[in-house]
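Protein sequence lines correspond, in order, to chains X and R. For the first sequence, our numbering begins at 1 and goes up steadily by one. For the second sequence, our numbering begins at 1 and goes up steadily by one.
Do not rely on the hints blindly, as some may be mistaken.
[To be verified] Here are the computed distance ranges between Cβ atoms for each label pair: (1) R/L130 with X/R252: 25 to 35 Å; (2) R/G157 with X/V30: 56 to 66 Å; (3) R/K126 with X/V30: 21 to 31 Å; (4) R/G131 with X/G111: 19 to 29 Å; (5) X/A238 with R/E5: 39 to 49 Å.
[To be verified] Here are a few chain X residues that face chain R, going by a calculated C-beta distance under 7 Å: (6) T85; (7) T95; (8) P142.
No lab work stands behind these hints: they were computed from the structure. Ideal Cβ positions, reconstructed from N, Cα and C, are used throughout, including at glycine.
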Amino acid sequence: MTAFLAVLRAEWTKARTVRSTWWSLVITAVVSLGLAVLLGVQLSASSSAMRTDLGPADVSFYPLILGQIALVALGVLMVGAEYTTGTIRASLAATPRRGVFLAAKALVATGIAAVASIVVAFGSFFAVQWAFGEDGASLGDPGVARAVLGACLYLTMMCVFAMGVATMLRSTALSLGILIPLLFLNSQGLASVPAVRSVTQYLPDQAGAGMMRVADDGTFLLGRLDFGPGVAFLVLLAWVAAALAGGYLLLRRRDA
Amino acid sequence: MIEVERLSKQYGRTVAVDDLSFTVKPGRVTGFLGPNGAGKSTTMRMMLDLDRPSAGRVLIDGRPYRTLTEPLRHVGALLESRSVHGGRRARHHLLWLAQTNRVPAARVGEVLELVGLADVGRKRVKGFSLGMTQRLGIAAAMLGDPPVLLLDEPVNGLDPEGIVWLRTMLKDLAAQGRTVFVSSHLMSEMALTAEHLVVIGRGRLLADTTVERFIAENSQSYVRIATPEPARLREVLAAEGIQVTDSGDGALAVHGVDPARVGELVAAHGVVVHEIAQRSASLEEAFVRMTGDAVEFGR
């Protein structure tokens with residue numbers, strides 16, 4: 001256990017001593033919170049009926065869809081940079097047990113992403129509600145607190161999922177090239193074809209959309225799911241577990 | 001002590017390391033010699049369990065690398081390829097490495113001092129010269145004060161002063177009873193640094209011997225004679241049972257005798273001679289000849 005804590009501590013040192021970590025976090029915060037304020041102010045000029053229609057709490061999750069890109073990039077970079085710089089060889093020579101290495105790295109990513117997610121999810125929520133004034137939702141309203149927490153979980157899990165994917169692919173560019181289109185594929189219209197939707201609703205971003213919504217009847221702003229937020233969480237958890245397991249198996253088998 | 005037992009590594013159909021067995025003993029510098037592409041780096045990566053052997057195994061003080069707890073306290077390694085994040089400050093690189101194996105943080109300052117990088121510890125590594133990066137790699141290898149050191153081409157990028165510094169340090173470390181295993185493709189460098197040699201070519205073991213014996217066995221000397229009458233001279237020498245070959249530069253090479261004896265014979269038979277000189281094939285030539293053969297045998 002102390003051995004694992006030592007590696008965990010080292011991974012935290014690694015994360016905090018490169019600038020890309022801090023840049024990713026700053027960009028996540030600026031994009032999410034900046035968009036939240038803009039969106040809130042824009043919509044507060046429209047009719048009260050429209051705001052109520054959109055769902056004042058659901059609106060505050062929109063900015064996070066863009067903000068998550070920087071968190072996904074952080075997850076990718078934490079592993080990708082090991083390979084582009086060759087640090088992976090020093091890392092594995094110091095921690096030959098691949099499972100310990102990957103677990104420590106994933107746990108540090110989880111911690112960093114969780115803190116960032118709580119800041120941007122709650123920040124975005126409060127910014128939009130502030131702009132909406134008396135039309136705004138409150139955390140005490142039914143389903144709202146669950147949806148905001150769902151947003152925190154979603155963002156955190158996407159960062160770790162991205163890390164698992166990068167571990168499998170060993171390349172920053174390739175990982176981002178696959179992950180970023182994946183995040184927007186559905187919102188770009190795939191989901192409007194019913195036959196495709198029945199499959200694509202299980203993709204990580206769709207499950208995420210299901211986690212961060214107030215109503216639990218399956219509808220949300222960008223589409224519809226056949227399952228509620230609880231199942232959505234399990235679907236995303238399966239994606240994260242699969243990505244990490246795949247990364248671990250390949251890390252064990254491959255030459256560094 | 002490092003024990004390499006019947007180690008092999010194949011990449012597809014290419015054999016990088018072929019049934020290699022040798023032992024690296026403590027208390028002396030062992031040079032690991034071979035031309036580029038001979039399999040030195042692959043062997044060293046397998047010693048650190050970075051690459052998986054296709055067959056065979058490596059034991060470090062009797063144990064496989066993967067089973068070592070806090071391996072940096074057992075083995076310090078400098079790998080040939082760069083393994084540092086350029087955006088990280090030198091001392092931070094050493095700090096995370098130290099933390100993985102619970103080496104006290106104070107050790108970071110000590111090893112920076114040891115390799116002469118104390119002044120640039122707070123600088124980002126991307127601004128480092130090749131020589132400074134090598135020194136940082138050596139600092140990393142020394143972090144855990146390990147009894148076994150593996151250095152892959154540590155001389156690369158070092159300036160002459162750095163080379164002398166490294167040579168002295170490696171000898172000191174061996175004198176302290178540590179196992180020091182250093183790879184190089186330069187015979188001349190190994191002749192100055194190492195006491196023992198492990199020579200490989202095309203992944204196969206060619207020699208496992210002391211430097212002294214390697215030199216004695218492989219650096220042949222001969223007497224070079226330039227003459228306008230090569231045919232007559234060959235007859236004279238052949239009559240005495242002396243072996244003659246072409247020296248490769250238009251003169252004759254006479255083996256197994258000293259220049260005085262050749263001079264006396266030449267005078268006695270009245271052969272015209274323009275030059276008689278003692279020559280010795282350099283160690284580098286011996287090395288090239290040996291590994292060159294290995295290339296041919298491998299085909």
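Checking against the hints above, which ones are violated?
-> 2, 4 and 8
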